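Visitor: From first to last, the protein sequence lines are chains D and H.
Numbered according to our numbering, the first sequence spans residues 410 to 733.
Numbered according to our numbering, the second sequence spans residues 410 to 733.
Worth flagging that the hints you see were computed from the coordinates, not collected in a lab.
Please note that the accuracy of each hint is not assured.
[What the hints assert, rightly or not] Straight line, CA to CA, 35 Å or less: simulated DSBU-like cross-link-like pairs of lysine-lysine: (1) H:K468 - D:K495; (2) H:K468 - D:K446; (3) D:K538 - H:K633; (4) D:K498 - D:K480; (5) H:K538 - D:K697; (6) D:K685 - H:K524; (7) D:K538 - H:K525; (8) D:K498 - H:K468; (9) H:K707 - D:K690; (10) H:K685 - D:K524; (11) H:K495 - D:K480.
[As the list claims (entries may be wrong)] Using C-beta positions, here's what the derived DEER-type ranges look like: (12) D:H699 - H:N604: 26 to 36 Å; (13) H:N451 - D:E447: 57 to 67 Å; (14) D:K480 - H:E722: 53 to 63 Å.
On a predicted model such as this, the values are computed, not experimentally measured, just so you know.
Glycine is no exception: its CB is placed at the ideal position from the N, C-alpha and C atoms.
Number of protein chains: 2
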Amino acid sequence: MKILVTGGAGFIGTHLVRELLKRGHEVVVVDNFTLGKEENVNCFRDNSNYKFYNLDIAKGNEFWEALKEKKFDIVYHLAANSDIQKGSKNPSVDYNDTFMTTVNTLELMRRIGCKKLFFSSTSAVYGEKQELLSENIGDLKPISYYGGAKLASESFIQSYSFMNDFSTVIFRFPNVIGPNLTHGVIYDFIRKLQNNPNELEILGNGTQTKPYIYVFDLIDAIVKFTLDIDMLQGVEIYNAGVESATSVTTIADIVCEELGYKDVKYHYTGGNVGWKGDVPKFQYDLTKIHNVGWTASKTSDEAVRETVRYIKEHLNESSYNGWW
Amino acid sequence: MKILVTGGAGFIGTHLVRELLKRGHEVVVVDNFTLGKEENVNCFRDNSNYKFYNLDIAKGNEFWEALKEKKFDIVYHLAANSDIQKGSKNPSVDYNDTFMTTVNTLELMRRIGCKKLFFSSTSAVYGEKQELLSENIGDLKPISYYGGAKLASESFIQSYSFMNDFSTVIFRFPNVIGPNLTHGVIYDFIRKLQNNPNELEILGNGTQTKPYIYVFDLIDAIVKFTLDIDMLQGVEIYNAGVESATSVTTIADIVCEELGYKDVKYHYTGGNVGWKGDVPKFQYDLTKIHNVGWTASKTSDEAVRETVRYIKEHLNESSYNGWW
Chain D
410 MKILVTGGAG
420 FIGTHLVREL
430 LKRGHEVVVV
440 DNFTLGKEEN
450 VNCFRDNSNY
460 KFYNLDIAKG
470 NEFWEALKEK
480 KFDIVYHLAA
490 NSDIQKGSKN
500 PSVDYNDTFM
510 TTVNTLELMR
520 RIGCKKLFFS
530 STSAVYGEKQ
540 ELLSENIGDL
550 KPISYYGGAK
560 LASESFIQSY
570 SFMNDFSTVI
580 FRFPNVIGPN
590 LTHGVIYDFI
600 RKLQNNPNEL
610 EILGNGTQTK
620 PYIYVFDLID
630 AIVKFTLDID
640 MLQGVEIYNA
650 GVESATSVTT
660 IADIVCEELG
670 YKDVKYHYTG
680 GNVGWKGDVP
690 KFQYDLTKIH
700 NVGWTASKTS
710 DEAVRETVRY
720 IKEHLNESSY
730 NGWW
Chain H
410 MKILVTGGAG
420 FIGTHLVREL
430 LKRGHEVVVV
440 DNFTLGKEEN
450 VNCFRDNSNY
460 KFYNLDIAKG
470 NEFWEALKEK
480 KFDIVYHLAA
490 NSDIQKGSKN
500 PSVDYNDTFM
510 TTVNTLELMR
520 RIGCKKLFFS
530 STSAVYGEKQ
540 ELLSENIGDL
550 KPISYYGGAK
560 LASESFIQSY
570 SFMNDFSTVI
580 FRFPNVIGPN
590 LTHGVIYDFI
600 RKLQNNPNEL
610 EILGNGTQTK
620 PYIYVFDLID
630 AIVKFTLDID
640 MLQGVEIYNA
650 GVESATSVTT
660 IADIVCEELG
670 YKDVKYHYTG
680 GNVGWKGDVP
690 KFQYDLTKIH
700 NVGWTASKTS
710 DEAVRETVRY
720 IKEHLNESSY
730 NGWW
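Pulled out of the complex, with its shape left as it was, chain D reads as follows (with noise of 0.2 Å):
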């Protein structure tokens, strides 16, 4: 199949590339390295199956004309702003990068005839709410511009899809992690303890508790999806997700137990969550997804632990160019 992947030089989009690549796949991978990294794509530059574009996807115009003689048979939409404390600052972040793109790739699938959709959904578009998130529950309020972006991206992938008969596939990913990770609170907790190893800055009170997936889990789940089961006409809507969760006092007890940190005093800026826009703690209801017959295979605990050991592996090697 001939597969378009936007922000493929990305965290998930590169293990998705290489996956797709694997089972033979040709893949057209758009990226502006805004997130995404040359180093991520490299490795693939040889594969004559392989073709990548340097574009930003929020400027329509280019990125039409640079792909509007290709046929492909699905596009996998990553390309997004991932980090929503940054896309808080300036509303214009998430505003191009995540809802820009989107809007964009769905004119380019109108133009071009290309009638498969997959969507990177986020867990963010619920806001804040009590009870269990399962996919049709109403009422969202995102208290984000990542979650009102992502939120507004599924309204015009509805009407788009219902007005061009596109077969879509939206995953609501919760807290994804894993090799090439580019930011997150993993990645603040290390950086803090290799310049201070005696204490630890925590935002918040340390209870937000959120499921973190394993990105292998969810490469697995997005493959299965769009091309081991037959993807029907309209819209279907999965939370991707792991029925566990980990609180953020947790992850920074794994990240000193793994990287060999002890007696280290955790301080708390306070407040139950880290910062406005940020959603303390959720849970999903995983039973539409389970019930198609996936399920994650790591907990959130091991998907943070195993992400830790991953970094420790990785954190002396002169060539390592995936975190900082």
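For this one, chain D is given, so just place chain H on it according to the hints.
Guide: Relative to the frame of chain D, chain H by itself:
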């Protein structure tokens, strides 16, 4: 109060501006006469509390620059494409006129520090649902670019409202009719009957049945919920509608009856929708808005009849400039 009305030269906007000026407020109108008409607002020109800007809000920089020194107590954001059928042929219509106008209005509010917003949303955000539409049902799948753009607008409004402490009221309008209407089924029927008084082509099978609200009932509700009742921080969404509904065939009957066309042969194009993206039937759950103490004064059928009568009275006026 100092008030901004976007789309203030449009069908609903004009009536709102008149009411706000009558109450003694200072009103700034921004409109680019895409659907709005200069004749609609000419009557306000001599009012020293009224100021008009001819601007396309979808062009953010021009809009922000023109109003950057203004202090508004509240913004009524009505600017939008309201012709769903027109937008179904080209997604850029609703992208620009319905969605971009909203994002740019939110960004203006953030920049100048305005904290109160009224937004005109639509029943089209619900898509095609079988159940009674209550504000908090989930799994919304808009089937028109217009509905997608309005739901995406609501998503951005949620995140902007949270991040910037706005007090926001969203009304989801049903079909709105009355003096100054610019398009829609009543308009089409009268034009067709003027061309051929013996036969009337009806899109679909005539059973499409929707609630029609009289524009003055809607203005009454808008003013009540934004000026007479204190707006609370956060976003409140209301279905602003009437309990009853009118079928397309009934509209044809009322038009023929009121305009004196007899023995008209109806020719149905068939199918249960007028065009792709049309929602053939819906009915609102109005519990929430009724509980605050507001109910429409006219039924849907009465609103249709009143609108047809208004047109009849003005059909032979040489100065009539409302409709065509």
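Visitor: Tell me the numbers of any earlier hints that the structure contravenes, in ascending order.
Guide: Violated: hints 4, 9, 12.
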